[in-house]
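*Asks:* Okay, here's what each chain looks like letter by letter:
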Amino acid sequence: MAYSQEDLAIMDSIIKRYPRSRSAIMPLLHFVQSRVGFVNGDGIELIAKLLTLEAAEVSAVATFYTQYKRKPVGEYHVGVCTNTLCAVMGGDAIFAGLKEHLGVENDGVTADGKVSLEHIECNAACDYAPVVMANWEFYDNQTVESAKDLVDSMRSGNPKPPTRGPNTLVTWKEASAVLAGINDGKAHEGVQAGEPSLLGLKISKEGK
Amino acid sequence: MTKLAPVLSAHWDEKDSFTIEAYTRHGGYKASQKALAMDPDAVIQLVKDSGLRGRGGAGFPTGMKWGFIPQGDNKDHYLVVNADESEPGTCKDMPLLMANPHVLVEGCIIACHAIRAKHAFIYIRGEVTHVVRRLNQAIEDAYKAGHLGNGVDLVLHVGAGAYICGEETALLDSLEGFRGQPRLRPPFPAIAGLYARPTVVNNVESISAVPAIINNGPEWYQSMGTEKSKGTTLYSLSGHVNNPGQFEAPLGITLREILELSGGIRTGHTLKFWTPGGSSTPIFTQDHLDTPLDYEGVSAAGSMLGTKALQIFDETTCVVRAVLRWTEFYKHESCGKCTPCREGTWWLVQILRDLEAGKGTEADLAKLLDLCDNILGRSFCALGDGATSPITSSIKYFRDEYISHITHGGCPFDPVASTLFVGAGA
Amino acid sequence: MTTTEIVDMITVIIDGFEVSVPKGTLVIRAAEQLGIQIPRFCDHPLLDPVGACRQCLVDIEINGRAFPKPQASCTIPVEPGMIVKTQLTSVVADKAQKGVMELLLINHPLDCPVCDKGGECPLQNQAMSTGRSQTRFEGVKRTFEKPINISSQVLLDRERCVLCARCTRFSAQIASDPFITLNERGALQQVGIYEKAPFKSYFSGNAVQICPVGALTGASYRFRARPFDLVSTPSACEHCASGCDMRTDVRRGKTLRRLAGDDASVNEEWNCDKGRWAFKYVTAVDRLTHPLVRNDAGDLVEASWPEALAAAAKGLKAASAAVLVGGRATHEDAYGYSKFARIALSTNDIDFRSRISSDEERDFLAARVVGSSTTYRDIDRADQVLLVGFEPEEESPIVFLRLNKQFRKRALKVTTISSKLSIGVEKLNGEFVKVAPGQEAASVSAQALTAQSIILVGERASESAGVLTAVAALSDSTGAKIAWIPRRAGERGALEAGAIGNLLPGGRPVADSAARVDIATLWGASSLPSTIGRSSDEIYAAVNSGAIGALLVGGVDPLDGANGESALAALEKAFVVCLEIAPSEVTSRADVVLPVAAVTEKSGSFLNWEGRARKFDAAVHDSLNRSDLRILSMIAEEMGTSLNLSTVTSAAKEIASIGAWDGARVQMQQYSSTQSPALNGDRFILTSWRRLLDLGTLQKGEENLAGTARQTVAVISPSRALSMGVSDGDLLKISTVQGSVTLAALVEDIHDDAIWAPRNSRGSQLLVNLGAAHGAVVTVVKI
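Residue numbers (numbering that gives the first Met the number 0), protein chains in the order written: chain R, 0 to 207; chain E, 0 to 425; chain S, 0 to 782.
Chain R on its own, in the form it takes in the complex (with noise of 0.2 angstroms):
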């Protein structure tokens, strides 16, 4: 796809952060993605481009980390933490029941491009467990049926908002805007925290 003047502009913003311009990669392959819906070859060509690269060096990056994918996702990315201690504690239920509702594999996206069904590693809520991240929000404590109504509240266009997030859920390309480091303005909306992270606190307050 053909970038705009303002996605160059923006592109270029990017490698302005940097005091040197090779460390713009990866945020510039979060932009691609934001664009593109994954990071495809003309992205890779670009990027090598801008930054004066050969094209090797970037698809080298591209493919080392595990957010840039390959092929188009669903709208919503769903990401079962299937990690020991989620896996225990009903990950491997969640994921499991999430495969056969949807209908697909592991990396697999519903035939209407909304969902796509991935499992993930530790996502750092461990005391939310078990967890269900869309687009990278944290959806927490999930059960087989809350994930499943998740799920089906993502297919019929009217996904439920994230347990620590925005008010509503953003798309799998504007998620990644944000990754992107561009501020859509959504920062003060949700929680400042979970009932578990001031679990500690709450307790030291009643003076135990």
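Hints are computed from structural coordinates only; laboratory data are not their basis. Some clues are possibly wrong.
In silico DSBU-like links for lysine-lysine, alpha-carbon gap of 35 angstroms or less [unchecked claim]:
#1 Lys195(S) <-> Lys68(R)
#2 Lys395(E) <-> Lys204(R)
#3 Lys98(R) <-> Lys116(S)
#4 Lys147(R) <-> Lys159(R)
#5 Lys68(R) <-> Lys159(R)
#6 Lys614(S) <-> Lys426(S)
#7 Lys47(E) <-> Lys68(S)
#8 Lys116(S) <-> Lys140(S)
#9 Lys15(R) <-> Lys426(S)
#10 Lys426(S) <-> Lys70(R)
#11 Lys408(S) <-> Lys195(S)
#12 Lys204(R) <-> Lys185(R)
#13 Lys412(S) <-> Lys48(R)
#14 Lys145(S) <-> Lys68(R)
#15 Lys147(R) <-> Lys70(R)
#16 Lys412(S) <-> Lys395(E)
#17 Lys366(E) <-> Lys145(S)
#18 Lys408(S) <-> Lys117(E)
Starting from the known structure of chain R, fit chains E and S onto it as the hints suggest.
*Replies:* This is chains E and S only, laid out in the frame that chain R set:
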């Protein structure tokens, strides 16, 4: 007196805790004002005196790390904050940044002053969109308020899914736009780090601890904790407990104490095994409930304090399954650079899968241990070492359970029993 | 070495033995000094240490303090008080190494019987020394699609790869061609290219050579031979003047592969792909095998050697004769031609420059180059390097690697005076002094150099008047050293051998009577001709005007010169004796054709651009072909005289006996540059150079190699492109009165007046198609 001591987390329960207004309301950005008026060396000395040690896992004294940066070398210096929090079980930095990103921003300003850096980077893992928003907004607001941009620039760099980037030299390579693979040391980052310039790499929690230390003085910080492990820290309790969550306490608290405060092991169940500091730290059992959770105490008991990620597993959990899953994680996250980790984790997973499926033999256990011996201390970085920890420690404590998989011809556990929603009709 | 360097030595104990090595030496190499071989894969002495494979783990203690775990000996420099225990004396190190070896093998396929590397494979060898006899791995091996082409000449088998990253590090660190990289992660990590950009590096063969397993193989050698069937001979590369040390591997009289040799002072351990993969011309089906003589009917027919030699002698005696020897002759052969011209033909009409040349150049070579010795080592020490009429990567690739090494190591400043910025100079981050073709001289004069600087002058410097004059003056005013780097391997040797009209062997000026006496005495001749000889162009002109009636021609392509039509006419007209390996534009016009040996079939030496002798023996021993020198001796005998050079050895001895010339050197005349021509709308000034991989005769039949050649394009500047409405890929027709070429446009950094095209590439043979190569005004239209 309470065993808990919320400092970092003191104001997380205010709805707007993440805003610059809330942060300023509680005295935010006073510490940086105070520090900027001090001689940089005095700031370093103050942090040294506080006894603050790295909260990312290794526990290296923070002030000493800052002191390694060569001064008067006419080179650019950099501060890089490791916010790549990815160690399984570890979940302290993300809630911290969600609830109070400004404390990290202020810590960066102080640290940059101390090490004479004009440029700081926060390398945050990429799988946390909302935390990225909060931190990005905090940086914007700090610029607007003039805290940043007047001598210190701060850039948020978002990762893209690679556990290895939590290793500081891999993080630096990643930040420079390369594949996140660890570098040879020496040279150490303090001499040749980011862009081959003197660089301090600190964990989020370490830097975030600094403003309070500046405000309250090193003696105050020294007054908490144990002999060699000073101050407070975030303990993250997760797993088969009635009330998981974050518990900020002076170093040295025990798991028994945290469990007592929080409501204990899942009702009707008993503690089987736990990690003191994430999956790379050898597991503990009931026998370690009273081990002081400080750097020395945990180490003396045969593990590592690590990230203080207390993952609790009760008797319904199959240790072989747990270890296999962790091993699969290490295989997935091995960067591929060195042979022992890359090939070793590939093989370990295959043996463990067979063992879990009841297709192994006792000889496989010996092979597993020998393989671990060929990986531990032979790999390029600590990832390979970490991969062996759950295996060797679990065989040490639960050898019989491995054997029972062999004799039983499969896993004797019901995985449903260990889920959180067992009995909830799920 | 001209200066003594003081090196700090450090003494360490390895396996109980003391060894002293220079400070900074890595443990693994200190051990080598004791003959202790620590197994390794990723380690390579010319690449930055990486410590990735972990095969070389050893136990180390320093002043009584032991490292808690074994250390990679390829990453740790020696330190005073260090005690190292390798696998020979440490159980821990031994187990660590065995453990790593086992892990390297679990995913390695057992396809050694069909693997090219089998028999010379570091993995195979070290598996024998360090591996287990029985595998403990009962799992599933990692599999990949079997070999994939990463270029037309390199194949990658990822299953065999041990991920030592030597190839990717070579490409990035040595060649600055990061077209191959590590991709993916963990156990799926693999070497690869970007899907649309093959491994088109001029140096890709080195990656194949340093691969410690059979993961990278060359398309030309794949499945052709077993290492133990090959007979290896040290050799020297005949392709350019870099002077690479080489190894030629022959099976039953046929060269199957060539490898870079190891010469730290010249090519280190590298060479270019042309040197490695262009050798089939030797075994081409059209090699000349028998002498040919033109009969009365005007046909070239096979003849016996005595018949042919008699005909040659007769023809050369019958008229005034001149000698044209190409730039690819060995030093000894060139010496033979030089002596033959003076002794048998009594003339100084001899020129090795079968290319565009000038009188200014002839002066310059005699005044500044012959007998001089600027070296690679000087590049290592230079404060800056100025390139004049010279593209190192295209025209002397090992010089490029050396410049690149110093650039990467210490940011060596490189400046080029040229019309077009080249890929190679860009890689060196060189300063580009942009000039219109033909106007280089003024920019040369404007350079600020020092006595520590070096001016690398290419043969193309002769194509613009005044440039060599300016180079000489710049050297005089600054003390900067000059190095002349011709493209062809034989030119420096031919210069030293006096195969040029103004010099006798050993740099003796023809015009100097003492010099003539010197050489006449050596040769046992009463006197030597004293008239300065004609240049190639003048010789052809003299034939066409009737002043010369016979030509002795060896290894010349008449179309390489400035005036191909005149050359061909002369060859038609004169009585021509031609020494050649294969049919050519000369043999078809010759009266006597005498087949000669190719480089691999004879012994001899080249003098590289440094003037350093690169000796070689015959790699193919059973060739019936004779060297030029031998045949020249036979013709001389037939003419009733003698060269007294029965063998290459006797020639080498005689050359060595000449010694340096301590008399006056030829003085450089002053030449000035020509006016820049007036240009209008569709007029450009042509400039060009030969690419490393092109239609060169010695690359004939190497299709795999040709597949990695750079794209043939015509380069114009952005502003000219804008005014002509041209963008990349549009077709441009470049015309002269002689003809035209039509090429795809590429808009790049080039002087606005200039248009660049490759001089001798597919679709762009400028000398043939346009009759011009540099400095001529051409008409360019978009079609």
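*Asks:* Evaluate each hint against the coordinates.
*Replies:* To see whether the hints hold, each was checked on the structure:
1. Restraint check: the Cα-Cα separation between Lys195(S) and Lys68(R) comes to about 19 angstroms, which is no more than 35 angstroms; the hinted pair holds.
2. Pair hint Lys395(E) plus Lys204(R) does not hold up; C-alpha atoms about 40 angstroms apart against a cutoff of 35 angstroms.
3. For the given pair, Lys98(R) sits about 46 angstroms from Lys116(S) by alpha-carbon distance, which is inconsistent with the 35 angstroms threshold.
4. In summary, the hint linking Lys147(R) to Lys159(R) is supported, as the alpha carbons are separated by about 11 angstroms, within the 35 angstroms threshold.
5. The hinted pair formed by Lys68(R) and Lys159(R) meets the criterion: a straight-line CA distance of about 24 angstroms does not exceed 35 angstroms.
6. The hinted pair formed by Lys614(S) and Lys426(S) meets the criterion: a straight-line CA distance of about 32 angstroms does not exceed 35 angstroms.
7. Distance restraint check for Lys47(E) and Lys68(S): the Cα-Cα separation of roughly 30 angstroms lies within the 35 angstroms cut-off, and the hinted pair is therefore satisfied.
8. Distance check on the hinted pair: Lys116(S) and Lys140(S) sit about 20 angstroms apart at the alpha-carbon level, within 35 angstroms; holds.
9. Taking the CA atoms of Lys15(R) and Lys426(S), the gap is near 23 angstroms; set against the 35 angstroms cutoff, the hint holds.
10. Proximity of Lys426(S) to Lys70(R) is assessed by CA-CA distance (about 34 angstroms); at most 35 angstroms being required, the pair is judged to hold.
11. With a C-alpha separation of about 31 angstroms, the suggested pair Lys408(S) and Lys195(S) falls inside the 35 angstroms cut-off, and the hint holds.
12. Of the pairs offered as hints, the one joining Lys204(R) and Lys185(R) holds, with about 31 angstroms between alpha carbons and a cut-off of 35 angstroms not exceeded.
13. Proposed proximity of Lys412(S) and Lys48(R) is supported: the alpha carbons are some 25 angstroms apart, at most 35 angstroms.
14. Between Lys145(S) and Lys68(R) the alpha-carbon distance is near 25 angstroms, which keeps this suggested pair within the 35 angstroms criterion.
15. Only pairs whose Cα atoms come within 35 angstroms are accepted, and Lys147(R) paired with Lys70(R) is accepted, the gap being roughly 24 angstroms.
16. For the proposed pair Lys412(S) and Lys395(E), the alpha carbon gap of about 61 angstroms is over 35 angstroms, so the pair is violated.
17. A distance of roughly 31 angstroms separates the Cα atoms of Lys366(E) and Lys145(S); the hinted pair therefore holds under the 35 angstroms criterion.
18. About 28 angstroms separates the Cα atoms of Lys408(S) and Lys117(E), which keeps this hinted pair within 35 angstroms; it holds.
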